[in-house]
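**Q** Listed below, chain by chain, are the residues.
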Amino acid sequence: DAKTTQPTSMDCAEGRAANLPCNHSTISGNEYVYWYRQIHSQGPQYIIHGLKNNETNEMASLIITEDRKSSTLILPHATLRDTAVYYCIVRVINTGTASKLTFGTGTRLQVTL
Amino acid sequence: GAGVSQSPRYKVAKRGQDVALRCDPISGHVSLFWYQQALGQGPEFLTYFQNEAQLDKSGLPSDRFFAERPEGSVSTLKIQRTQQEDSAVYLCASSLPSGQQFFGPGTRLTVL
Numbered sequence: 003d004a005k006t007t008q009p010t011s012m013d014c015a016e017g018r019a020a021n022l023p024c025n026h027s028t029i030s031g032n033e034y035v036y037w038y039r040q041i042h043s044q045g046p047q048y049i050i051h052g053l054k055n056n057e058t059n060e061m062a063s064l065i066i067t068e069d070r071k072s073s074t075l076i077l078p079h080a081t082l083r084d085t086a087v088y089y090c091i092v093r094v095i096n097t098g099t100a101s102k103l104t105f106g107t108g109t110r111l112q113v114t115l
Numbered sequence: 005g006a007g008v009s010q011s012p013r014y015k016v017a018k019r020g021q022d023v024a025l026r027c028d029p030i031s032g033h034v035s036l037f038w039y040q041q042a043l044g045q046g047p048e049f050l051t052y053f054q055n056e057a058q059l060d061k062s063g064l065p066s067d068r069f070f071a072e073r074p075e076g077s078v079s080t081l082k083i084q085r086t087q088q089e090d091s092a093v094y095l096c097a098s099s100l101p102s103g104q105q106f107f108g109p110g111t112r113l114t115v116l
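Line order of the protein sequences matches chains A and B. Using the numbering used here, the letters of the first sequence map in sequence onto residues 3 to 115. Using the numbering used here, the letters of the second sequence map in sequence onto residues 5 to 116.
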């Protein structure tokens, strides 16, 4: 799986949008971009994933650049409960068999009042 | 429905003891993963099952680590002769074959 690079930490004011960048310049054509987050003392939680088109769900939006070498996770209105470590992961999806997740050290997002 | 559950949530072992960590995946999820998370680090892959078959155990750090899933549902991760460097959070995740992984809360193992 391709390696990802993320900032170590970021701050965001409550109610503002949090934009978390991720660089994956060696991504392959069949690798998806996944985002998970881990709130303190909990297991990682799936947020969103995409291949090349931008994606949106009830939690967040994912913007992938046209060359697919980087992406941004957007939390449109951050709340204190969004304080967590956010992991950007690239992963091949196989039909029929699952594939492991390769986590880096992620971005620690601190949402403040 | 119920998510992935793990037990115990916390385990303290003396160096040299054997421990067994249990994972109950989401019903119907054929894929099951174990990860190890050291303090301040991201989770690292240990092993993967599809049903009862252990398809990948490349992440197990030593032959003291053993995992099983005999009936394709509940899984147990066993660590023999625990060492201090085994202290970590052990996470279990389950999924459908090509789906997102759902994680349990983890078991925090402390080896004294």
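Watch out, some of these pointers could steer you wrong.
Think about it this way: if two alpha-carbon atoms lie no more than 20 Å apart in a straight line, the pair counts; the simulated SDA-like pairs of lysine to any residue are [stated by the list, open to error]:
no.	chain 1	residue 1	chain 2	residue 2
1	A	Lys-5	B	Lys-15
2	B	Lys-61	A	Arg-93
3	B	Lys-15	A	Thr-85
DEER-style ranges, computed between Cβ atoms [as the list claims (entries may be wrong)]:
no.	chain 1	residue 1	chain 2	residue 2	range
4	B	Thr-80	A	Gln-44	18 to 26 Å
5	B	Gln-21	A	Asn-55	48 to 56 Å
6	A	Leu-82	B	Ala-42	23 to 31 Å
7	A	Leu-53	B	Gly-32	21 to 29 Å
8	A	Asn-59	B	Ala-6	21 to 29 Å
9	A	Gly-17	B	Ser-66	46 to 54 Å
10	A	His-79	B	Asp-67	33 to 41 Å
11	B	Ala-6	A	Pro-78	44 to 52 Å
12	A	Gln-47	B	Ser-62	21 to 29 Å
Sample of chain B residues lacking proximity to chain A, with all beta carbon distances greater than 12 Å (derived) [what the hints assert, rightly or not]:
no.	residue
13	Arg-13
14	Lys-15
15	Asp-60
16	Ser-91
17	Pro-109
18	Leu-116
Read the hints as simulated data drawn from the structure, not as lab findings. Values in this document were obtained by computation on a predicted structure and should not be read as measured data. Ideal Cβ positions, reconstructed from N, Cα and C, are used throughout, including at glycine.
**Q** Does the Cβ-Cβ separation between A/Gly-17 and B/Ser-66 fall within 46 to 54 Å?
**A** Between A/Gly-17 and B/Ser-66, where Cβ atoms are some 48 Å apart, the hint holds.
**Q** Taking the shortest Cβ-to-Cβ distance between B/Pro-109 and chain A, state whether it exceeds 12 Å.
**A** violated (5 Å)
**Q** Taking the beta carbons of B/Gln-21 and A/Asn-55, is their distance inside 48 to 56 Å?
**A** holds (51 Å)
**Q** Mind checking the hinted window 23 to 31 Å against the Cβ distance between A/Leu-82 and B/Ala-42?
**A** Given range 23 to 31 Å: holds, Cβ gap about 27 Å.
**Q** Within a Cα-Cα threshold of 20 Å, do B/Lys-61 and A/Arg-93 meet the stated pairing?
**A** holds (18 Å)
**Q** Okay, A/His-79 versus B/Asp-67 on CB: inside 33 to 41 Å?
**A** Cβ of A/His-79 to Cβ of B/Asp-67: about 50 Å, so the range 33 to 41 Å is violated.
**Q** Should the hint that B/Ala-6 and A/Pro-78 are 44 to 52 Å apart at their CB atoms be regarded as holding?
**A** violated (30 Å)
**Q** Quick one: are A/Gln-47 and B/Ser-62 within 21 to 29 Å, going by C-beta?
**A** Once the Cβ atoms are compared, 25 Å apart, the range 21 to 29 Å for B/Ser-62 and A/Gln-47 holds.
**Q** Check whether the Cα positions of A/Lys-5 and B/Lys-15 lie no farther apart than 20 Å.
**A** Distance of about 33 Å is beyond 20 Å: violated.
**Q** For the hint 21 to 29 Å, verify it against the beta carbon of A/Asn-59 and that of B/Ala-6.
**A** Roughly 22 Å apart at Cβ, these two residues keep to the hinted range, so it holds.
**Q** Please verify that the nearest CB of chain A lies beyond 12 Å from B/Leu-116's CB.
**A** holds (21 Å)
**Q** Would the non-interface assignment of B/Arg-13 survive a Cβ cutoff of 12 Å against chain A?
**A** With a cut-off of 12 Å, B/Arg-13 comes too close to chain A, as the shortest Cβ separation is near 10 Å.
The structure shown violates the earlier hints numbered 1, 3, 10, 11, 13, 15, 17.
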